[in-house]
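Novice: Letter by letter, the chains look like this.
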Amino acid sequence: MTETTTAPLLSIRNLVTEFRTESGIVRAVKGVDLDIESGQTVAVVGESGSGKSVTSLSVMRLLAKGVGSITDGTILFRGRDGQVRDLVQEPETAMRRIRGNEISMIFQEPMTSLNPTQKVGAQIAEAAELHQGLSHRQAWARAVEMLSLVDIPEPERRAQVYPHQMSGGMRQRVMIAMALACNPALLIADEPTTALDVTVQLQILELMRRLQREIGMGILFITHNLGVVAEIADKVAVMYGGRIVETAAVQDLFDRPSHPYTRGLLASLPTVDHAARAAGEVARLRAIPGNVVDPRNPPAGCDFNPRCAWAIEACRAAVPPMLPVEPGHATRCIRWSELDG
Amino acid sequence: MAETLVQVSDLKVHFPIGRSLFKDGVTLKAVDGVSLDIARGEVVGLVGESGSGKTTLGRALLRLIEPTEGSVRFDGTEVVGLPPRDLKALRSRMQIIFQDPYASLNPRMSVGQIIGEALHLHSIGTRADRDERVGDLLEKVGLPRTAAARFPHEFSGGQRQRIGIARALAVNPDFIVADEPVSALDVSIQAQIINLLQDLRQELGLSILFIGHDLSVIEFLCDRVVVMYLGHVMETATAADLYTQPRHPYTRSLLDAAPVPNPRAKRDRIMLKGDLPSPINPPSGCVFRTRCPFAIEACAQVEPALETVGPRHAVACIRQAELNLME
Chain A
1 MTETTTAPLL SIRNLVTEFR TESGIVRAVK GVDLDIESGQ TVAVVGESGS
51 GKSVTSLSVM RLLAKGVGSI TDGTILFRGR DGQVRDLVQE PETAMRRIRG
101 NEISMIFQEP MTSLNPTQKV GAQIAEAAEL HQGLSHRQAW ARAVEMLSLV
151 DIPEPERRAQ VYPHQMSGGM RQRVMIAMAL ACNPALLIAD EPTTALDVTV
201 QLQILELMRR LQREIGMGIL FITHNLGVVA EIADKVAVMY GGRIVETAAV
251 QDLFDRPSHP YTRGLLASLP TVDHAARAAG EVARLRAIPG NVVDPRNPPA
301 GCDFNPRCAW AIEACRAAVP PMLPVEPGHA TRCIRWSELD G
Chain B
1 MAETLVQVSD LKVHFPIGRS LFKDGVTLKA VDGVSLDIAR GEVVGLVGES
51 GSGKTTLGRA LLRLIEPTEG SVRFDGTEVV GLPPRDLKAL RSRMQIIFQD
101 PYASLNPRMS VGQIIGEALH LHSIGTRADR DERVGDLLEK VGLPRTAAAR
151 FPHEFSGGQR QRIGIARALA VNPDFIVADE PVSALDVSIQ AQIINLLQDL
201 RQELGLSILF IGHDLSVIEF LCDRVVVMYL GHVMETATAA DLYTQPRHPY
251 TRSLLDAAPV PNPRAKRDRI MLKGDLPSPI NPPSGCVFRT RCPFAIEACA
301 QVEPALETVG PRHAVACIRQ AELNLME
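Protein sequence lines correspond, in order, to chains A and B. Numbers 1 to 341, taken from UniProt numbering, label the letters of the first sequence in order. Numbers 1 to 327, taken from UniProt numbering, label the letters of the second sequence in order.
Quick caveat, the hints were computed from the structure, so don't treat them as lab data. Treat each hint with caution, since some may be false.
Derived BS3-like pairs: lysine-lysine, alpha-carbon spacing no greater than 30 Å straight-line [claimed, not checked]: (1) B:Lys23 <-> B:Lys12; (2) A:Lys65 <-> A:Lys30; (3) B:Lys140 <-> B:Lys88; (4) A:Lys119 <-> B:Lys23; (5) B:Lys273 <-> A:Lys119; (6) B:Lys88 <-> B:Lys12.
Please read all numbers here as calculations on a predicted model, not as lab measurements.
Given these sequences and hints, build the entire structure.
Specialist: In structure tokens form, the structure reads like this:
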């Protein structure tokens with residue numbers, strides 16, 4: 001334990017997480033480095049098998065016992081008391097005090113994350129009672145206050161209903177209220193708007209932005225949607241095959257994508273030329289060929305090389321290091337400077 | 001303009017809920033008076049939030065769900081009320097592609113059996129002919145002929161969706177309902193399937209009803225777009241008009257809500273409050289009025305009719321003439 005107040009809120013170094021499966025050990029996260037400051041939103045973007053969710057579960061130490069484990073690296077977290085702890089080494093009892101209190105998490109599916117047999121007010125109050133030592137009555141008042149904070153109309157009445165009596169958007173608001181009930185320093189949001197309609201997604205993103213301004217927590221935002229990244233993130237890490245392949249401030253990433261995978265993702269988003277269509281043209285997207293990497297069977301060298309138009313022999317020989325592109329912007333591609341040529 | 005292939009008039013699909021011997025129950029009006037038509041070779045997009053009735057409408061067109069009222073004419077033949085034998089014959093001309101490529105393929109059947117089943121059911125060709133046709137279809141959707149002997153679990157999500165598409169194409173349909181066929185796929189795989197659909201449509205001249213919620217995908221693929229809300233059509237227009245000159249407040253708010261992959265795109269948005277109301281107890285008058293920032297008293301009184309506002313552009317809003325949504 002070291003005492004320092006200038007350390008980042010969360011600092012992940014060389015994180016490696018593995019799973020024991022029928023077909024042997026699968027390495028889902030292969031050496032991730034990531035920093036998050038208070039009041040900052042860092043988006044981790046990736047497709048299935050990229051390791052983005054496993055990274056967030058590793059921070060929470062929510063890997064299934066005997067199946068998944070962190071085998072290398074450090075996760076330094078600066079707590080409310082200013083102490084920096086390595087979450088990889090913390091005993092489970094200490095993690096229980098941190099989870100839901102100093103670090104909270106919200107998930108994609110609010111229905112399966114809420115207890116269907118308990119009133120939503122009681123579920124929010126539980127966290128406040130457990131971690132903040134509030135009385136039952138105080139905790140209930142805190143729950144109503146939180147429901148009002150996340151813009152749920154008639155919070156006193158809504159605290160008395162069960163999750164199934166609410167819409168998907170309302171349930172996600174309840175999840176956020178529960179996650180923020182103890183004023184966490186870090187909120188981990190794993191695809192929190194993916195199951196929602198776009199109109200409700202916009203409401204939830206606005207809500208998260210506002211609450212961050214008011215509470216000042218850091219947010220680790222896991223998503224596959226580059227549009228959502230542009231809406232919410234300050235900083236972005238693009239993951240592929242268990243590694244970060246590019247990281248940059250959000251504007252720099254969209255202005256100067258410097259990894260063929262990032263470029264491929266951006267190019268595969270539909271854009272329409274209505275004039276060309278009117279002239280009878282049937283447009284095509286620039287799709288990335290092949291399939292997303294199978295973590296059980298990764299290629300040699302750069303994980304993206306089998307799908308990459310720029311791949312050369314050296315890309316198959318070794319995993320490329322992170323190379324600086326500009327201050328705060330790095331890419332795991334040895335040919336990044338040639339991509340525009 | 002090309003001839004009309006599918007013509008839907010005032011279609012209603014109502015589901016009784018909670019009805020029993022002792023209870024009257026209520027009615028869920030999933031589709032409540034929808035009219036639209038699809039020309040030969042045309043791709044029409046159907047958008048709306050969950051609960052808008054878009055999937056129910058798509059299935060009712062093929063009579064996978066029985067319509068309660070109204071008419072669906074397919075190439076001149078009335079589909080609603082058609083006897084089973086005639087319906088089976090017609091079904092070889094109308095097919096569906098589903099959203100979930102994991103749930104929609106039988107895990108115990110080989111890919112060859114899955115694709116060949118419809119050929120078998122419709123007694124098309126000899127066994128050898130059918131095997132040949134299955135191989136051709138696999139190649140058409142970008143899979144090797146040898147895939148026929150393998151089983152669905154051996155394939156990725158994108159490959160499974162290719163199998164689902166090959167199955168739909170097996171009987172040479174004129175019309176396909178594609179129900180969110182790329183929504184469950186990874187971003188980089190979505191683009192491959194979108195390109196495949198573009199190829200097939202060009203090569204086979206298919207008419208497609210493309211159901212989706214991703215507005216950029218709909219804009220890319222569709223000639224014309226129908227916007228649904230709570231079982232009603234709010235607006236319909238060519239893709240170019242709908243995206244550049246929306247006339248219905250709901251269309252504008254949907255376009256505004258879609259996240260744009262550009263951090264500099266700071267826009268004045270119409271942000272909707274709350275969620276879609278329950279279709280069991282829809283608002284009176286215009287069903288959108290409870291979330292509409294422009295609603296006035298009159299909106300609660302009358303159910304707005306679809307009014308033509310331009311070439312192939314119609315809007316169901318009593319205030320459409322006075323609203324300027326382009327600002």
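Novice: Checking each numbered hint in turn, tell me which of them this model violates, lowest number first.
Specialist: none
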